[in-house]
Amino acid sequence: GAGVSQSPSNKVTEKGKDVELRCDPISGHTALYWYRQSLGQGLEFLIYFQGNSAPDKSGLPSDRFSAERTGGSVSTLTIQRTQQEDSAVYLCASSPDGTDTQYFGPGTRLTVL
Amino acid sequence: AQSVTQLDSHVSVSEGTPVLLRCNYSSSYSPSLFWYVQHPNKGLQLLLKYTSAATLVKGINGFEAEFKKSETSFHLTKPSAHMSDAAEYFCVVPRFGGGATNKLIFGTGTLLAVQP
Numbered sequence: 019g020a021g022v023s024q025s026p027s028n029k030v031t032e033k034g035k036d037v038e039l040r041c042d043p044i045s046g047h048t049a050l051y052w053y054r055q056s057l058g059q060g061l062e063f064l065i066y067f068q069g070n071s072a073p074d075k076s077g078l079p080s081d082r083f084s085a086e087r088t089g090g091s092v093s094t095l096t097i098q099r100t101q102q103e104d105s106a107v108y109l110c111a112s113s114p115d116g117t118d119t120q121y122f123g124p125g126t127r128l129t130v131l
Numbered sequence: 062a063q064s065v066t067q068l069d070s071h072v073s074v075s076e077g078t079p080v081l082l083r084c085n086y087s088s089s090y091s092p093s094l095f096w097y098v099q100h101p102n103k104g105l106q107l108l109l110k111y112t113s114a115a116t117l118v119k120g121i122n123g124f125e126a127e128f129k130k131s132e133t134s135f136h137l138t139k140p141s142a143h144m145s146d147a148a149e150y151f152c153v154v155p156r157f158g159g160g161a162t163n164k165l166i167f168g169t170g171t172l173l174a175v176q177p
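First to last, the protein sequences are chains X and G.
Numbering-wise, this note's numbering puts 112 at position 94 of the first sequence, and it's gapless, one number per residue.
Numbering-wise, this note's numbering puts 64 at position 3 of the second sequence, and it's gapless, one number per residue.
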């Protein structure tokens with residue numbers, strides 16, 4: 019079946035602009051995660067959605083980062099007033115029910131000039 | 062708190078020789094543990110997972126890992142490397158050992174090079 023998809027695959031933006039990254043999880047998966055992969059920090063957790071529960075935002079690095087999940091499916095990660103240190107690969111993962119196994123999308127490579 | 066340490070940032074082997082990628086974990090209780098692989102410009106793929114059912118875990122592409130509580134290790138092995146195994150490998154532990162909000166804690170990764 020279809021896996022996790024993310025769009026765009028690459029995004030180049032100028033410092034100070036806002037960007038939106040999209041994630042389509044595997045159909046039927048109730049849990050959705052965002053991670054960031056950067057050279058300096060490795061792979062780090064950003065935010066977690068599970069069903070209709072309040073999201074766990076504990077990994078978001080600043081208030082410029084936000085995410086929403088509409089209808090329990092598609093999620094959008096928004097970065098406002100982008101900075102060069104936001105350059106990274108942003109990975110989305112989904113899980114059937116919030117238990118261990120997470121399935122990852124191909125990522126969005128964000129470059130902030 | 063759970064954590065994992067990958068002992069080698071780079072490993073280079075010749076095609077057809079064994080692969081050993083080392084991972085030690087730290088946890089106050091028996092955790093779940095995973096190995097993920099990331100090929101160049103590709104997403105993360107689950108290789109195998111340990112969930113306390115059996116200490117020797119077999120994964121995809123001929124990889125396996127053994128959970129050793131006495132050594133707090135979860136090393137990844139493969140008897141014979143293929144060129145297609147060249148990738149970055151991550152040892153991973155979920156925070157809270159499988160409870161709510163399974164944030165994955167990633168090791169720093171081991172880049173495996175396979176020489177012809």
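A couple of the hints might just be wrong.
Derived DSSO-like pairs (lysine-lysine); straight-line CA-CA distance at most 27 Å [stated by the list, open to error]:
# : chain 1 : residue 1 : chain 2 : residue 2
1 : X       : K75       : G       : K103
2 : G       : K103      : G       : K129
3 : G       : K129      : G       : K110
4 : X       : K29       : G       : K110
Just some of the chain G residues that point at chain X, by a computed CB distance under 10 Å [to be verified]:
# : residue
5 : Q99
6 : N102
7 : A115
8 : H143
Everything labelled a hint here was simulated from the structure, so no lab data went into it.
Predicted model only: the values in this text are computed from it and were never measured.
C-beta atoms are modelled at their ideal positions from N, C-alpha and C, and glycine is treated no differently.
Comparing the hints with the structure gives:
1. Taking the CA atoms of K75/X and K103/G, the gap is near 26 Å; set against the 27 Å cutoff, the hint holds.
2. For the hint linking K103/G to K129/G, the alpha-carbon distance of about 30 Å lies beyond 27 Å, and the restraint is violated.
3. Restraint check for K129/G and K110/G: the C-alpha separation of about 14 Å stays at or below 27 Å, so the hint holds.
4. Pair hint K29/X plus K110/G does not hold up; C-alpha atoms about 33 Å apart against a cutoff of 27 Å.
5. The criterion of a C-beta within 10 Å of any C-beta in chain X is met by Q99/G, whose closest approach is roughly 9 Å, and the hint holds.
6. Taken as an interface hint, N102/G checks out: its beta carbon lies about 8 Å from the nearest beta carbon of chain X, inside 10 Å.
7. At its closest, the beta carbon of A115/G sits 15 Å from a beta carbon of chain X; the interface hint therefore is violated under the 10 Å criterion.
8. Below 10 Å, beta-carbon pairs count as interface contacts, and H143/G has none with chain X, the closest being about 22 Å; its hint is therefore violated.
Of the numbered hints stated above, those contradicted by the structure are hints 2, 4, 7, 8, listed in ascending order.
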